[in-house]
Amino acid sequence: MAGDARPTAWWAKPAAPAKPSSLTAPDAAPATTQASTQTSTLNDGLARLAHLLGDAVAIAREREASDVLLSTGQVPRLRRDGRVEPLELSIDDGELAACVLALGSNTDHSLELAGTRLRVNAFDHLGGYAIAARLIRDRVPTLAELGLPPELASVIDHRDGLVLVCGSTGSGKSTTLAALIDLLDQRRAAHVITLEDPIEYRFAPRRCLIHQRELGTHIPTFAAGLKAALREAPDVILLGELRDQETIAAALTAAETGHLVLATLHAPNAAGAIDRMIDAFPDGQQRQVRWQLAAVLRTVITQYLLPCKDGGRAPAVEVVPVTTAVANIMRKGDLHTLPTAIQSGRDAGMIPLERSLAKLLDSGMVSPQVVKKVAIDQDLLAALAAKLR
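In my numbering, the protein residues as written are 5 to 393.
Any given hint might turn out to be false.
[Claimed, not checked] What follows is a set of in silico ranges between Cβ atoms, one per label pair, in the way DEER data are often shown:
no., residue 1, residue 2, range
1, 236, 187, 33 to 39 angstroms
2, 211, 231, 35 to 41 angstroms
3, 283, 373, 28 to 34 angstroms
4, 327, 77, 53 to 59 angstroms
5, 105, 348, 26 to 32 angstroms
It should be emphasised that the hints constitute simulated quantities derived from the structure, not laboratory data. Ideal Cβ positions, reconstructed from N, Cα and C, are used throughout, including at glycine.
Use the sequences and the hints to build the structure in full.
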(Lines of atoms letter the chains of each structure in order from A; the text may use other names.)
(Lines give C-alpha, C1' and ligand atoms only; values in the text may rest on other atoms or scores of the structure.)
Protein backbone atom coordinates (compact mmCIF):
# COMPACT_ATOMS: atom_id res chain seq x y z
CA MET A 5 0.00 0.00 0.00
CA ALA A 6 1.22 3.49 -0.78
CA GLY A 7 0.96 4.42 2.90
CA ASP A 8 3.64 1.85 3.78
CA ALA A 9 6.25 3.30 1.41
CA ARG A 10 9.51 4.42 2.94
CA PRO A 11 10.73 7.87 1.91
CA THR A 12 13.63 8.61 -0.35
CA ALA A 13 14.57 11.94 1.15
CA TRP A 14 16.67 13.74 -1.38
CA TRP A 15 16.69 16.76 0.88
CA ALA A 16 15.44 17.43 4.36
CA LYS A 17 16.58 20.37 6.42
CA PRO A 18 17.44 19.29 9.97
CA ALA A 19 16.89 21.56 12.91
CA ALA A 20 19.87 23.77 13.75
CA PRO A 21 22.06 22.13 16.39
CA ALA A 22 21.65 23.58 19.85
CA LYS A 23 24.23 26.19 20.83
CA PRO A 24 26.52 24.83 23.54
CA SER A 25 26.14 26.46 26.92
CA SER A 26 29.11 28.29 28.38
CA LEU A 27 28.50 26.31 31.59
CA THR A 28 28.37 22.66 30.62
CA ALA A 29 26.99 20.19 33.15
CA PRO A 30 29.27 17.25 33.97
CA ASP A 31 26.81 14.74 32.51
CA ALA A 32 26.02 16.77 29.35
CA ALA A 33 25.81 14.62 26.19
CA PRO A 34 28.70 15.03 23.72
CA ALA A 35 27.98 17.10 20.59
CA THR A 36 28.28 13.99 18.39
CA THR A 37 25.62 12.23 20.46
CA GLN A 38 23.30 15.24 20.17
CA ALA A 39 23.77 15.35 16.39
CA SER A 40 23.13 11.62 16.15
CA THR A 41 19.95 11.98 18.18
CA GLN A 42 18.74 14.85 15.97
CA THR A 43 19.39 12.79 12.82
CA SER A 44 17.54 9.83 14.29
CA THR A 45 14.58 12.03 15.24
CA LEU A 46 14.48 13.57 11.78
CA ASN A 47 14.57 10.17 10.09
CA ASP A 48 11.73 9.03 12.34
CA GLY A 49 9.75 12.10 11.30
CA LEU A 50 10.36 11.39 7.60
CA ALA A 51 9.24 7.77 8.02
CA ARG A 52 6.06 8.92 9.77
CA LEU A 53 5.53 11.53 7.04
CA ALA A 54 5.75 8.88 4.30
CA HIS A 55 3.23 6.72 6.12
CA LEU A 56 0.80 9.61 6.64
CA LEU A 57 0.98 10.89 3.08
CA GLY A 58 1.14 7.63 1.12
CA ASP A 59 -2.55 7.02 0.39
CA ALA A 60 -3.39 10.73 0.15
CA VAL A 61 -0.64 11.35 -2.42
CA ALA A 62 -1.81 8.37 -4.51
CA ILE A 63 -5.33 9.85 -4.62
CA ALA A 64 -3.95 13.32 -5.31
CA ARG A 65 -2.03 12.03 -8.32
CA GLU A 66 -5.10 10.23 -9.64
CA ARG A 67 -7.22 13.39 -9.31
CA GLU A 68 -4.46 15.70 -10.59
CA ALA A 69 -4.45 17.68 -7.35
CA SER A 70 -1.63 20.07 -6.52
CA ASP A 71 -1.55 19.82 -2.71
CA VAL A 72 -2.38 17.53 0.20
CA LEU A 73 -3.37 19.27 3.46
CA LEU A 74 -3.45 17.41 6.78
CA SER A 75 -4.44 18.91 10.14
CA THR A 76 -5.22 17.38 13.53
CA GLY A 77 -8.92 17.28 14.26
CA GLN A 78 -9.79 17.98 10.62
CA VAL A 79 -10.73 15.95 7.57
CA PRO A 80 -7.77 15.61 5.14
CA ARG A 81 -8.07 17.85 2.12
CA LEU A 82 -6.77 18.21 -1.43
CA ARG A 83 -6.24 21.35 -3.43
CA ARG A 84 -7.37 20.85 -7.01
CA ASP A 85 -7.63 23.62 -9.60
CA GLY A 86 -7.05 26.10 -6.79
CA ARG A 87 -10.03 24.84 -4.76
CA VAL A 88 -9.81 22.98 -1.44
CA GLU A 89 -11.95 19.84 -1.20
CA PRO A 90 -12.34 17.07 1.42
CA LEU A 91 -10.57 13.73 1.04
CA GLU A 92 -12.24 10.44 1.96
CA LEU A 93 -9.47 9.27 4.29
CA SER A 94 -8.95 9.09 8.04
CA ILE A 95 -5.71 10.33 9.62
CA ASP A 96 -4.41 9.37 13.07
CA ASP A 97 -4.10 12.67 14.95
CA GLY A 98 -1.51 11.25 17.33
CA GLU A 99 0.65 10.10 14.43
CA LEU A 100 0.35 13.50 12.73
CA ALA A 101 1.36 15.31 15.93
CA ALA A 102 4.32 12.95 16.46
CA CYS A 103 5.42 13.50 12.85
CA VAL A 104 5.43 17.32 13.14
CA LEU A 105 7.22 17.19 16.50
CA ALA A 106 9.91 14.94 15.01
CA LEU A 107 10.35 17.05 11.88
CA GLY A 108 10.20 20.35 13.76
CA SER A 109 7.56 23.05 13.41
CA ASN A 110 7.86 25.56 10.55
CA THR A 111 10.32 23.33 8.67
CA ASP A 112 10.52 22.49 4.97
CA HIS A 113 11.29 19.04 3.64
CA SER A 114 11.44 17.31 0.27
CA LEU A 115 10.90 13.63 -0.33
CA GLU A 116 9.79 11.13 -2.94
CA LEU A 117 6.92 8.66 -2.59
CA ALA A 118 6.26 6.01 -5.23
CA GLY A 119 7.83 8.18 -7.91
CA THR A 120 6.09 11.39 -6.82
CA ARG A 121 8.27 14.21 -5.52
CA LEU A 122 6.86 16.35 -2.73
CA ARG A 123 7.65 19.70 -1.13
CA VAL A 124 6.42 19.55 2.46
CA ASN A 125 5.98 22.11 5.23
CA ALA A 126 5.30 20.96 8.80
CA PHE A 127 3.87 23.43 11.33
CA ASP A 128 1.89 23.82 14.53
CA HIS A 129 -1.07 26.13 15.03
CA LEU A 130 -3.77 27.07 17.52
CA GLY A 131 -5.70 23.85 16.90
CA GLY A 132 -2.79 21.43 16.85
CA TYR A 133 -0.42 20.26 14.10
CA ALA A 134 -0.53 20.32 10.32
CA ILE A 135 1.28 19.35 7.13
CA ALA A 136 1.03 20.96 3.68
CA ALA A 137 2.49 18.87 0.85
CA ARG A 138 2.89 20.17 -2.72
CA LEU A 139 3.15 17.58 -5.51
CA ILE A 140 5.95 18.36 -7.97
CA ARG A 141 5.67 17.42 -11.62
CA ASP A 142 8.26 14.97 -12.93
CA ARG A 143 8.71 16.78 -16.25
CA VAL A 144 9.21 20.47 -16.88
CA PRO A 145 6.20 21.69 -18.91
CA THR A 146 6.60 23.85 -21.99
CA LEU A 147 5.28 27.41 -22.26
CA ALA A 148 2.59 26.13 -24.66
CA GLU A 149 1.51 23.42 -22.21
CA LEU A 150 1.20 26.09 -19.53
CA GLY A 151 -1.02 28.16 -21.82
CA LEU A 152 1.45 31.04 -21.87
CA PRO A 153 1.93 33.31 -24.91
CA PRO A 154 4.81 32.41 -27.25
CA GLU A 155 6.18 35.97 -26.87
CA LEU A 156 7.62 34.94 -23.49
CA ALA A 157 10.22 32.77 -25.21
CA SER A 158 12.14 35.85 -26.31
CA VAL A 159 13.22 36.70 -22.75
CA ILE A 160 15.88 33.99 -22.81
CA ASP A 161 17.52 35.64 -25.83
CA HIS A 162 18.90 38.33 -23.51
CA ARG A 163 22.54 37.81 -22.60
CA ASP A 164 22.40 39.97 -19.48
CA GLY A 165 19.99 41.94 -17.33
CA LEU A 166 17.08 41.07 -15.05
CA VAL A 167 13.84 39.28 -15.98
CA LEU A 168 11.07 39.19 -13.36
CA VAL A 169 8.19 36.73 -13.10
CA CYS A 170 5.61 38.18 -10.71
CA GLY A 171 2.37 37.05 -9.15
CA SER A 172 0.85 35.82 -5.94
CA THR A 173 1.65 32.56 -4.14
CA GLY A 174 0.41 29.63 -6.24
CA SER A 175 0.25 31.58 -9.50
CA GLY A 176 2.83 29.36 -11.20
CA LYS A 177 5.86 31.64 -11.07
CA SER A 178 8.37 28.87 -10.34
CA THR A 179 6.93 26.66 -13.08
CA THR A 180 7.20 29.47 -15.62
CA LEU A 181 10.84 30.03 -14.68
CA ALA A 182 11.50 26.29 -15.03
CA ALA A 183 9.90 26.29 -18.48
CA LEU A 184 12.12 29.22 -19.53
CA ILE A 185 15.29 27.48 -18.30
CA ASP A 186 14.28 24.29 -20.10
CA LEU A 187 13.73 26.27 -23.31
CA LEU A 188 17.11 27.96 -22.89
CA ASP A 189 18.66 24.49 -22.52
CA GLN A 190 17.20 23.54 -25.91
CA ARG A 191 18.35 26.69 -27.68
CA ARG A 192 21.92 27.40 -26.64
CA ALA A 193 24.85 26.28 -24.52
CA ALA A 194 25.25 28.19 -21.26
CA HIS A 195 26.29 27.71 -17.65
CA VAL A 196 23.17 28.01 -15.49
CA ILE A 197 23.13 28.22 -11.69
CA THR A 198 19.78 27.97 -9.94
CA LEU A 199 19.19 29.13 -6.36
CA GLU A 200 15.93 27.63 -5.12
CA ASP A 201 13.87 27.16 -1.94
CA PRO A 202 13.45 24.24 -2.30
CA ILE A 203 14.50 22.65 -5.60
CA GLU A 204 11.28 21.74 -7.38
CA TYR A 205 12.03 20.60 -10.93
CA ARG A 206 15.17 18.59 -11.60
CA PHE A 207 16.59 19.61 -14.96
CA ALA A 208 18.05 17.03 -17.34
CA PRO A 209 20.66 19.18 -19.15
CA ARG A 210 21.06 18.91 -22.89
CA ARG A 211 23.07 21.86 -24.19
CA CYS A 212 23.56 23.68 -20.89
CA LEU A 213 25.60 22.95 -17.80
CA ILE A 214 23.07 23.36 -14.99
CA HIS A 215 23.96 23.48 -11.29
CA GLN A 216 20.97 23.50 -8.94
CA ARG A 217 21.54 24.79 -5.40
CA GLU A 218 19.07 24.77 -2.53
CA LEU A 219 18.53 27.19 0.32
CA GLY A 220 19.48 25.60 3.62
CA THR A 221 21.39 22.75 1.97
CA HIS A 222 23.91 24.36 -0.37
CA ILE A 223 23.52 28.06 0.45
CA PRO A 224 22.55 29.86 3.70
CA THR A 225 20.61 32.70 2.01
CA PHE A 226 19.69 33.80 -1.50
CA ALA A 227 21.97 36.83 -1.16
CA ALA A 228 24.91 34.63 -0.14
CA GLY A 229 24.15 32.24 -2.98
CA LEU A 230 24.13 35.10 -5.48
CA LYS A 231 27.45 36.45 -4.25
CA ALA A 232 28.96 32.97 -4.47
CA ALA A 233 27.49 32.42 -7.94
CA LEU A 234 29.36 35.45 -9.28
CA ARG A 235 32.60 33.57 -8.57
CA GLU A 236 31.37 30.44 -10.35
CA ALA A 237 31.37 31.72 -13.95
CA PRO A 238 27.65 31.50 -14.74
CA ASP A 239 25.94 32.88 -17.82
CA VAL A 240 22.44 32.62 -16.35
CA ILE A 241 21.27 32.72 -12.73
CA LEU A 242 17.79 31.59 -11.67
CA LEU A 243 16.79 33.11 -8.34
CA GLY A 244 13.88 31.58 -6.45
CA GLU A 245 12.66 34.85 -4.95
CA LEU A 246 13.68 38.47 -4.42
CA ARG A 247 12.83 38.66 -0.72
CA ASP A 248 14.78 41.51 0.77
CA GLN A 249 17.09 44.46 0.16
CA GLU A 250 20.27 42.39 0.30
CA THR A 251 19.01 39.89 -2.27
CA ILE A 252 17.71 42.61 -4.59
CA ALA A 253 21.03 44.47 -4.39
CA ALA A 254 22.94 41.27 -5.21
CA ALA A 255 20.61 40.54 -8.15
CA LEU A 256 21.14 44.05 -9.55
CA THR A 257 24.91 43.61 -9.27
CA ALA A 258 24.75 40.25 -11.05
CA ALA A 259 22.61 41.73 -13.83
CA GLU A 260 24.96 44.72 -14.19
CA THR A 261 28.05 42.53 -14.52
CA GLY A 262 27.02 40.61 -17.64
CA HIS A 263 24.75 37.87 -16.28
CA LEU A 264 21.15 37.11 -17.18
CA VAL A 265 19.17 36.87 -13.91
CA LEU A 266 15.70 35.31 -13.87
CA ALA A 267 13.84 35.86 -10.59
CA THR A 268 10.38 35.78 -9.04
CA LEU A 269 8.76 38.53 -7.01
CA HIS A 270 5.44 38.80 -5.19
CA ALA A 271 3.76 41.71 -6.98
CA PRO A 272 0.41 42.30 -8.76
CA ASN A 273 1.85 43.93 -11.91
CA ALA A 274 4.95 45.56 -13.41
CA ALA A 275 4.42 48.88 -11.63
CA GLY A 276 3.98 47.09 -8.30
CA ALA A 277 7.13 45.03 -8.89
CA ILE A 278 9.27 48.08 -9.63
CA ASP A 279 7.83 49.94 -6.64
CA ARG A 280 8.46 47.01 -4.33
CA MET A 281 12.10 46.67 -5.37
CA ILE A 282 12.77 50.39 -4.97
CA ASP A 283 10.92 50.60 -1.64
CA ALA A 284 13.15 47.87 -0.22
CA PHE A 285 15.92 50.47 0.00
CA PRO A 286 16.27 53.53 2.28
CA ASP A 287 15.10 56.86 0.88
CA GLY A 288 18.65 58.04 0.27
CA GLN A 289 19.38 55.09 -2.04
CA GLN A 290 16.15 54.93 -3.99
CA ARG A 291 17.16 57.32 -6.80
CA GLN A 292 20.27 55.23 -7.50
CA VAL A 293 18.21 52.01 -7.47
CA ARG A 294 15.71 53.50 -9.95
CA TRP A 295 18.58 54.23 -12.35
CA GLN A 296 20.07 50.77 -11.82
CA LEU A 297 16.73 49.11 -12.52
CA ALA A 298 16.17 51.23 -15.60
CA ALA A 299 19.55 50.05 -16.92
CA VAL A 300 19.27 46.31 -16.18
CA LEU A 301 15.57 45.38 -16.14
CA ARG A 302 14.66 43.61 -19.40
CA THR A 303 11.13 42.22 -19.00
CA VAL A 304 8.47 41.99 -16.29
CA ILE A 305 5.98 39.14 -16.57
CA THR A 306 3.00 38.99 -14.21
CA GLN A 307 0.68 36.04 -14.20
CA TYR A 308 -2.61 34.99 -12.64
CA LEU A 309 -4.20 31.54 -12.65
CA LEU A 310 -7.97 31.75 -13.12
CA PRO A 311 -10.48 28.94 -12.48
CA CYS A 312 -12.09 27.65 -15.68
CA LYS A 313 -15.78 26.91 -16.03
CA ASP A 314 -15.17 23.21 -16.71
CA GLY A 315 -12.38 22.69 -14.20
CA GLY A 316 -8.68 23.40 -14.39
CA ARG A 317 -7.09 26.81 -14.45
CA ALA A 318 -5.97 29.14 -17.22
CA PRO A 319 -3.22 31.78 -17.06
CA ALA A 320 -3.72 35.49 -17.68
CA VAL A 321 -0.54 37.50 -18.13
CA GLU A 322 0.85 41.01 -18.34
CA VAL A 323 4.11 41.24 -20.28
CA VAL A 324 6.17 44.43 -20.12
CA PRO A 325 9.43 44.57 -22.10
CA VAL A 326 11.52 47.46 -20.76
CA THR A 327 11.69 49.81 -23.73
CA THR A 328 13.37 53.21 -23.76
CA ALA A 329 10.03 54.77 -22.82
CA VAL A 330 9.56 52.41 -19.87
CA ALA A 331 13.15 52.99 -18.69
CA ASN A 332 12.57 56.76 -18.75
CA ILE A 333 9.39 56.33 -16.71
CA MET A 334 11.37 54.34 -14.13
CA ARG A 335 14.15 56.93 -13.90
CA LYS A 336 11.67 59.74 -13.34
CA GLY A 337 9.61 57.73 -10.87
CA ASP A 338 6.45 58.32 -12.94
CA LEU A 339 5.10 54.79 -12.55
CA HIS A 340 1.52 56.05 -12.65
CA THR A 341 2.04 56.57 -16.41
CA LEU A 342 3.21 52.99 -16.98
CA PRO A 343 -0.27 51.56 -17.79
CA THR A 344 -0.59 54.03 -20.68
CA ALA A 345 2.82 53.02 -22.02
CA ILE A 346 1.81 49.34 -21.82
CA GLN A 347 -1.46 49.92 -23.69
CA SER A 348 0.29 51.82 -26.49
CA GLY A 349 3.29 49.50 -26.76
CA ARG A 350 1.88 46.57 -28.70
CA ASP A 351 4.52 46.88 -31.42
CA ALA A 352 7.20 46.58 -28.72
CA GLY A 353 5.69 43.34 -27.43
CA MET A 354 3.63 44.78 -24.58
CA ILE A 355 0.70 42.65 -23.43
CA PRO A 356 -1.70 44.44 -21.05
CA LEU A 357 -3.33 42.09 -18.54
CA GLU A 358 -6.73 43.14 -19.92
CA ARG A 359 -5.83 41.86 -23.42
CA SER A 360 -5.03 38.45 -21.98
CA LEU A 361 -8.26 38.51 -19.97
CA ALA A 362 -10.29 39.52 -23.03
CA LYS A 363 -8.96 36.49 -24.93
CA LEU A 364 -9.94 34.18 -22.09
CA LEU A 365 -13.38 35.75 -22.01
CA ASP A 366 -13.76 35.35 -25.77
CA SER A 367 -12.73 31.69 -25.59
CA GLY A 368 -15.50 30.97 -23.11
CA MET A 369 -13.06 29.20 -20.78
CA VAL A 370 -13.47 31.65 -17.90
CA SER A 371 -16.61 33.36 -16.63
CA PRO A 372 -17.07 37.14 -16.92
CA GLN A 373 -17.32 37.37 -13.12
CA VAL A 374 -13.87 35.83 -12.64
CA VAL A 375 -12.30 38.02 -15.33
CA LYS A 376 -13.75 41.24 -13.94
CA LYS A 377 -12.35 40.51 -10.48
CA VAL A 378 -8.82 40.41 -11.89
CA ALA A 379 -8.99 43.26 -14.41
CA ILE A 380 -7.52 46.58 -13.26
CA ASP A 381 -8.96 48.72 -16.07
CA GLN A 382 -12.57 47.64 -16.63
CA ASP A 383 -13.08 50.06 -19.53
CA LEU A 384 -10.03 48.71 -21.36
CA LEU A 385 -11.23 45.14 -20.78
CA ALA A 386 -14.65 45.97 -22.25
CA ALA A 387 -13.10 47.70 -25.26
CA LEU A 388 -10.67 44.83 -26.00
CA ALA A 389 -13.39 42.21 -25.51
CA ALA A 390 -15.66 44.09 -27.95
CA LYS A 391 -12.94 43.99 -30.64
CA LEU A 392 -12.76 40.20 -30.38
CA ARG A 393 -16.47 39.64 -30.87
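Each hint tested on the structure:
1. 236 with 187: 33 to 39 angstroms: 22 angstroms, violated
2. 211 with 231: 35 to 41 angstroms: Distance hint for residue 211, residue 231 is violated at roughly 27 angstroms.
3. 283 with 373: 28 to 34 angstroms: 33 angstroms, holds
4. 327 with 77: 53 to 59 angstroms: 55 angstroms, holds
5. 105 with 348: 26 to 32 angstroms: 58 angstroms, violated
Hint check: violations occur at hints 1, 2 and 5; the rest are consistent with the structure.
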